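Q: One-letter residues, chain by chain:
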Amino acid sequence: MSTDKDLLPVDPHDEPGHLPIADIPHTPRVTDTDPKAARRAERQVASMFLLSMVFVVLFVVAFVTIDKSAVVYIPVLGVVGASQIALGFTFGMAILLIGTGAIQWAKKLMPDVEVVQERHSLASTPKEDEAAKDNYDRGKEESGFARYTIIRRTLIGALALFPIPLVIMLRDLWQTPPGENPAEILSTTAWRDGLRIVPDTGETTGEFLKGIRPEDIPVGGLVSALPVNIMEIQKAEHNLNARGKAAIILVRMDPGEIRSQQGEGWDYQGILAYSKICTHVGCPIALYEHRTHHLLCPCHQSTFDLADSGDVIFGPAARRMPQLPIGVDEEGFLVAKSDFQQPVGPSFWERG
Amino acid sequence: MSTTSPLEKPAPVEKAGGAVATYVDQRLGSNRALGRNLGKVFPDHWSFMLGEIVLYSFIVVLLTGVYLTLFFKPSMVEVVYDGSYVPLKGVMMSEAYASSLDISFDVRGGLLIRQMHHWAALIFVAAMVVHAFRVFFTGAYRKPRELNWILGVVLLTLALAAGFTGYSLPDDLLSGTGLQIIRGIVQAIPVVGTWLAFFMFGGEYPGTDIISRLYSAHILLVPGLILAVVTVHLMMVWVQKHTQFPGPGRTNTNVVGYPLMPVYMAKAGGFFFVVFGVIALIGGLVTINPIWIFGPYTPDQVSAGTQPDWYIGWLDGALRLMPNWETVIAGYTISWNVLIPSVIIPGILFTLLALYPFIEAWVTGDKRDHNLLERPRNAPVRTGIGVMAIVFYGILWIGGGNDIVAVAFDMSINSISWALRILLIVAPPIAFIITKRICLGLQRKDRDKLLHGYESGRVLRLPHGEFIEVHQPINVKEMAVITSKTDHAVLPAPQKIDADGVRNPRYLVHSLRHRLSTFFYGDNVPTPSAAEIEHGQHHAAEQAAIEAPLHEYEDRDVIYNAHGGVLHHPGMPETNAEQIAEETRS
Amino acid sequence: MTVKFLAARRRNPAVAIALLLLALVVVGGAYSLASNAQPAVAAMGSQTQVEEGKKLYLEGCSSCHGLNAQGTKYGPTLIGVGAASVHFQVGTGRMPLAAPGAQAVAKPPAYNEDEVAKMAAYVATLAPGPAIPSAEQVDYADADVAKGGVLFRINCAQCHQAAGQGGALTQGKYAPSLMNATPTEIYEAMLTGPQNMPVFSDETLPVEEKKAIIAYVNELQQAPSPGGLALGRLGPVVEGLFLWTAVFAALIAAAVWIGIKAR
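Residue numbers (our numbering), protein chains in the order written: chain A, 1 to 352; chain B, 1001 to 1586; chain C, 2001 to 2263.
In case anyone wonders, no lab produced these hints; they're calculated from the structure. Mixed in with the good hints, there may be bad ones.
Claimed, not checked - To spell it out: a stretch of chain A is covered by chain C in this simulated footprint if at least three of its residues, at any positions, have a beta carbon under 8 Å from a beta carbon of chain C; those stretches are:
{"no.": "1", "region": "52-65"}
{"no.": "2", "region": "188-202"}
To be verified - With a straight-line Cα cutoff of 20 Å, these simulated SDA-like cross-link-like pairs (lysine to any residue) come out:
{"no.": "3", "chain 1": "B", "residue 1": "Lys1445", "chain 2": "B", "residue 2": "Glu1532"}
{"no.": "4", "chain 1": "B", "residue 1": "Lys1241", "chain 2": "A", "residue 2": "Ser121"}
{"no.": "5", "chain 1": "A", "residue 1": "Lys210", "chain 2": "C", "residue 2": "Val2145"}
{"no.": "6", "chain 1": "B", "residue 1": "Lys1089", "chain 2": "C", "residue 2": "Asp2144"}
Stated by the list, open to error - Part of the chain C face toward chain A, derived, beta carbon under 10 Å:
{"no.": "7", "residue": "Lys2147"}
{"no.": "8", "residue": "Arg2153"}
{"no.": "9", "residue": "Ala2168"}
{"no.": "10", "residue": "Pro2198"}
{"no.": "11", "residue": "Thr2204"}
{"no.": "12", "residue": "Leu2205"}
{"no.": "13", "residue": "Ala2262"}
It should be emphasised that the depicted structure is a prediction, and the values quoted were computed from it without experimental measurement. Glycine included, C-beta positions come from ideal geometry on N, C-alpha and C.
Excised from the complex, chain A in its bound form:
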């Protein structure tokens, strides 16, 4: 390229006839001229260091004496943990004062005359470049790397291949059960035909785990629910995976207000069951506005209309909320009529 360095001017301070480099101005400080001020500064610095030591002692006292559950009222902060405040304040001041002392020492008492040091170009001299090249050439010649073609090629092959075992050994980051793949696992949940729905109460035992009757849910009601066998599954699998896919919400509206559903008769007398996992990136979603029938996700504000097949009406979610078909069993409890007819939660490549 012919267009570069010739056109560009050098450092203006290097140009002949330019303004000369100004002298570095310096005015003496009070502590330079007045010995009383200097002694005062010395006392200032020393007292900061002394105060720091006092705070260390206070820290130890606070640590040993203040009960860890005690609270105290401090203006501006409110009612706060006493131990926390005491330890934080004493520790912080102890350290801070060392810093302010050192800085004050430098500012007031150490010389403040600025010093000039020359920069040297870091680039090697042509002789050094030459020496490097010579050494390299000698080494290359002696190794025979260029000459021994077969050695070279097989070496490159071996070096290229040896990391492969390291990568392959990462395979069991997920010990895949035989015959399974992620897409299939993501596409099914614990729900089955006839499986009872129970409310999520945070309990693992109790009357409620029997089920929910439709008459117990008022119009405008919202119930977070799970399959009746969820605790068995959790105990068997030792994790919360099933809960993460099977969590649903039951909402009840006037049957006349249901404009559309994802399947004929999937509701039960105005009670609709929808997945509780947002189809955007998977946050649980239970913010139900019972008059507008809108379901709002707190994470990214995707909004679904549950009176209209759970269609997306605002926000970044692209797909509607999956609906679970429900009915009642012989004893009058709400049950699922099948699994979800589409994968719940966020989209994925193989979703189709």
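Could you slot chains B and C onto chain A? The hints should help.
A: The following block gives chains B and C in isolation, referenced to the frame of chain A:
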């Protein structure tokens, strides 16, 4: 200040220290390095301390982090809580969450260290961003420091990773929801997404592996990489010497400042303690991440107002503002609504960030070494790009907190989202134009100051009757700063066919380069020549000379105002200091 | 006093004032006597309370909710909402609405306790609906706070936020902060599902569970902040704001102080 006289004996500690130095020197030759470096000069400007804030907060993060590892249990096994925090007694939770509660309520000083760790981490990333902007706006990334800039971008990425893996460890409802979002993002990656997500979590979400895997990344992998890269980053600064702002005595080939020992050591060392102390005070007095309020993580619960830590907030905002585009082709889904804001846009931004020094060098054709910092006004397009980036980032940031904004200011989140979507496209270009115009205006003002001095506000009537405003010549410091501006030549326009009739095969590339170069520096106000500057300053001095007799007059005689009051008489205090001195004397 | 004395002063201006005062005393006294008789009548049966309530309703509520509480396009029907709804909405000042808008905002109530009770009694007669909770129903003294926390996070936190600070709903609506809610208000809100809040009837969320939730909200209201200044308990957004303002100001101030030349 005292100097040791040759007759004084060194203190015992000094003697011992000398012996140690000799011992090590005989084995490693260290005295040579000490000799070279104890007097190394470092320039002094507050904005150079930003990098120090990053380093010192990182050290605090490491120290407090080690303490936390002694108590934290990175296990997702469900246990029943039995500690001293009453509102969670008897609740099922993971051991990770339970041990975090123990640190907060049952280990004395545990909450202090936990909060210091978290605040220090926030400061670490924030200072890094401000430091990066300082480097950007002053052009410190230009040759020979391009490589260090790339290391800086790497460090920024590692810091984000460290922060994210860290705050997810307590396995509380807030950070766990963030992890759930990450799973959704990974899953959306085409072709390999689902497999990647399953490998990451050891199977289905949430599984029982993720916390311990994040733990190993957070305490071993990421800090190790950060330490290694930071060491190289600092070594490069040491070897290349720090850049400096233009000023009196400062050139492109020297460093003006204070020597390492004693001044810089004291100031830098002192600043370490100040940063540490501030972190300890904040960690003790201000709550951060009260995990006991959010409760233990379970994949079927969420709280309103769920946001990640501030440095991930812009990505959350991008996810909120993105329109819901998704395409399905032949049975395969591509979720643009997730990929664009979380993978594509950040990927492009970080790549551009890393490559920026090289892009600018190509555009300007500048191959010189730069050790003097450039004032932002002298590179209007660079400054404009930086402001554009800040505006873009800031809008996404606000988007990330749009529900908090809605509740705080009583607005509709839907309106806020729409407004921000539009602003995101429209505001950055407007910010660029405004910034560029401001920079050019400042350049013109500088030129005026050089040629005419600065306006003093005093009106003078010349002997022949003309009224002028007295211009004061600018002082030495300002002169040095303003004249540091270099004239950047624009790369010439290429010829399609040169004088000998040979076609230029790279005409398009050269033509693009010429156009970009013109855009970058073409509008710059030209610097006056040395002769012009001298003339201008001389002219200003002449005016001051005309005014001078008035001051003599003031010294010689009493001046009355229109009502007979005395404005000035000889011996009257001229400055506030003198006035105060007089009053305290009497 | 002689007639002559009075007659001689019949045109005195003070007479008018004295007569006025006399009239006020007589009328006022008669009224207070008459209204003092009211409670006795009311105590005998709620019929009068219902009538009074209906009067209050017609004056202050019927323009939006209809003459027969059947609802109009400005306000929903009140048939079946129960006494609890009225006690909640009017008692917290949400109703009557100050201005049409996305949300009814809690403000100083326009009616006193007595009037609210009357209006509630009237609305209760329209159709069966949730009753005002009894003192026993909102007595949370023995409730399990931890259980309440679990239930709160399942049913309430997604709208009201984990610390009860409130959250945004769509189109300018919001779930309000719970920091000033009384136990009765909380119970009534769960029971009646005001505005867009879902309805948590006593069948889906039994009394014991409601008590536990009230106990937990009470805990949130008066809990100390163990870590220091609470920053509103709103999460990382406010923490980030504090970082970029107060904390950074302190650090930059320190850096500038280091660089400034000493005097």
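Q: Now tell me, hint by hint, if it's right for this structure.
A: Okay, the hints, checked on the actual structure:
no.: 1; hint: 52-65; in the structure: violated (count 0)
no.: 2; hint: 188-202; in the structure: holds (count 4)
no.: 3; hint: B/Lys1445 x B/Glu1532; in the structure: holds (16 Å)
no.: 4; hint: B/Lys1241 x A/Ser121; in the structure: holds (11 Å)
no.: 5; hint: A/Lys210 x C/Val2145; in the structure: violated (25 Å)
no.: 6; hint: B/Lys1089 x C/Asp2144; in the structure: holds (10 Å)
no.: 7; hint: Lys2147; in the structure: holds (7 Å)
no.: 8; hint: Arg2153; in the structure: holds (8 Å)
no.: 9; hint: Ala2168; in the structure: holds (8 Å)
no.: 10; hint: Pro2198; in the structure: holds (4 Å)
no.: 11; hint: Thr2204; in the structure: holds (5 Å)
no.: 12; hint: Leu2205; in the structure: holds (9 Å)
no.: 13; hint: Ala2262; in the structure: holds (4 Å)
Consistency note: the structure conflicts with the earlier hints numbered 1, 5.
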